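*Asks:* Chains as they are written, first to last, in full-length UniProt numbering: chain S, 1 to 143; chain B, 1 to 186.
Hints are computed from structural coordinates only; laboratory data are not their basis.
Keep in mind it's a predicted model, so treat the numbers as computed, not measured.
Treat the hints with care, since some could be wrong.
[As the list claims (entries may be wrong)] Restraint-style ranges between C-beta atoms, simulated for each label pair:
{"hint": "1", "chain 1": "B", "residue 1": "32", "chain 2": "S", "residue 2": "23", "range": "19 to 27 Å"}
{"hint": "2", "chain 1": "B", "residue 1": "128", "chain 2": "S", "residue 2": "103", "range": "56 to 64 Å"}
{"hint": "3", "chain 1": "S", "residue 1": "10", "chain 2": "B", "residue 2": "54", "range": "28 to 36 Å"}
{"hint": "4", "chain 1": "S", "residue 1": "137", "chain 2": "B", "residue 2": "28", "range": "55 to 63 Å"}
In this text, a Cβ means the ideal position worked out from N, Cα and C, and glycines have one as well.
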Amino acid sequence: MRKVDLCLSSEGAEVILATSSDEKHPPENMIDGNPETFWTTTGMFPQEFIICFHKQVRIERLVIQSYFVRTLRIEKSTSKEPVDFEQWIERDLVHTEGQLQSEEIMGRDGHATYLRFIIISAFDHFASVHSISAEGIALSNLS
Amino acid sequence: MVKLAAKCILAGDSTVGKTTLAQIFRSDGAQFQKNYTLTTGVDLVVKTVPVPDTGDSVELFIFDSAGKEPFSEMLDKLWESPNVLCLVYDVTNEQSFQNCSKWLEKARAQSPGVSLPGVLVGNKTDLASRRAVESAQARAWALGQGLECFETSVKEMENYEAPFHCLAKQFHRLYREKVEVFQALV
Ligand SMILES: Nc1nc2c(ncn2[C@@H]2O[C@H](COP(=O)(O)OP(=O)(O)OP(=O)(O)O)[C@@H](O)[C@H]2O)c(=O)[nH]1
Ligand SMILES: [Mg+2]
Chain S
1 MRKVDLCLSS EGAEVILATS SDEKHPPENM IDGNPETFWT TTGMFPQEFI
51 ICFHKQVRIE RLVIQSYFVR TLRIEKSTSK EPVDFEQWIE RDLVHTEGQL
101 QSEEIMGRDG HATYLRFIII SAFDHFASVH SISAEGIALS NLS
Chain B
1 MVKLAAKCIL AGDSTVGKTT LAQIFRSDGA QFQKNYTLTT GVDLVVKTVP
51 VPDTGDSVEL FIFDSAGKEP FSEMLDKLWE SPNVLCLVYD VTNEQSFQNC
101 SKWLEKARAQ SPGVSLPGVL VGNKTDLASR RAVESAQARA WALGQGLECF
151 ETSVKEMENY EAPFHCLAKQ FHRLYREKVE VFQALV
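Isolated chain B (complex conformation) (with noise of 0.2 Å):
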């Protein structure tokens, strides 16, 4: 049995959900924040992660950090060496969508030369009449930049433990990987 540890970083366009994504991850469906309260610095939610058929366990650090600038500037610091990405976008806005790829390649160029788990999630999909992002075009960038991808709808409480589970059996199968490879050294 061993608990991993990892750093998870969450990052996406301002309002498109994060810190509800992360709140509601925290308290177990419990508190879904109606009123938008822009992050400024960084808020840590801290939550341990089973992995099916294992024994074994994640626990997620997870930075909320602020997607709006001047806040996001300072992001470099706090998002030093990341164990595992979560992206997320309003399913609703085509802008926070594109701005996906400005996110991860930010995220990436924090540890260089490490490969780095993540998922790409497209929320409030209760907002139906207003989608602008298909799932497929989604699917579609995601597979590309090997992310497993995901929608939810944090308001309806649909799907918001999913991407958090596959990141951490990701990040669990990486460290299998790694011990392996300890293991042929000698």
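Chain S on its own, in the form it takes in the complex (with noise of 0.2 Å):
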């Protein structure tokens, strides 16, 4: 099976939620393999947003850059509909200066069909996603 990035939009990728959105700044940005563009959150934290691969994939390598964020919470859920999350990572980022955060993990058991990201609190008032990827593999289409 070919790996890929699951977490394309040319690959089939969607966010379908997220808790801020500044037009000029939309969500699709985090997902389009271009990391200048990018999502801002507006307000105050927690913010979220999910992604849905609208298939089952198997994630090996999860990478997210970013800016400003400080705890990050990651759930995923393997159903059909965007429910029944479960908790699968959480961290604690370092600010770099002026250098895009880039966050790398490596998940167990990395099925999923949505994931969740919960930026639980951030080093300013405001943070930025510039690109999430997840590196892995398509196991079947969600009938």
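Taking the hints as your guide, dock the two standalone chains into a single complex.
*Replies:* Okay, structure coming up:
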């Protein structure tokens, strides 16, 4: 089976929910494969977004590029609908002044149909997410 | 177009008029509370303020908290991660002005290392004959602290919106600045 970046919109991934939205920096920017474009939070924390793969996938390696994110929790679901999320990963990120945070995660049991990212706290009033990429394989389509 | 959301903490001594100010702002001038009711916990007032010339707006979540001990002691938790600060004193009460530095310190301690935009509001200007804090004195202190300065009479419905509009504008400016930082990263 072919390994791909499962979080690309060109591979069928979609952001189905985001608690913040600035028309100029929409959530789709996180999965367009271009780290120059980004999504910004626009208010108080926590903030969250949900990525739908539209298929069953197994994630082996996840990389999140962001700025000012302090505590990040990731939950996943294997349901057809965005329900029954279970906690997967929680990380405290470090702030790297003037440089994108690049957090690599090798999660156990990466089976998922949805990922929910919760930015619990940040280093500033606002945070940005520039790209989410998930290396892994697509297992089956959702019927 | 973007709608920002800001947690605004309303701080200052007891009876300076915090609750009265928040309520009159919430009701667009319809409700001046003559009788004093001590705030014991925290009252939340939510209101959206447009940012002039932008099409953007800021939804202010105003945390009207207690100025009187022991109720003010549990504020640490309620004040967590503030975005903007509205500091109120009573122009007829010198002590309430002196205590502003204490309130400011307490608010800033909530988010060390992060700038906290704020305004200083001298209320009850209608009681002109009892004035104890001069405008110039307040302005000088506010300037030194990086706060914008206002005087209001909530009773006369004078200038009660300006401080909140200023906070929204400051928060919006901060957002613009951060977006530029994000843009410059890659
Ligand atoms: N003359 C005059 N009285 C005012 C003005 N604003 C508020 N007051 C009165 O001041 C008293 C106290 O106002 P509050 O808003 O309850 O005071 P507070 O700061 O919320 O006090 P705590 O909740 O104890 O912290 C009330 O009786 C108000 O009617 C004003 O502009 N002029
Ligand atoms: Mg009160």
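*Asks:* Which numbered conditions among the earlier hints are violated in the structure presented, ordered from lowest to highest?
*Replies:* 1
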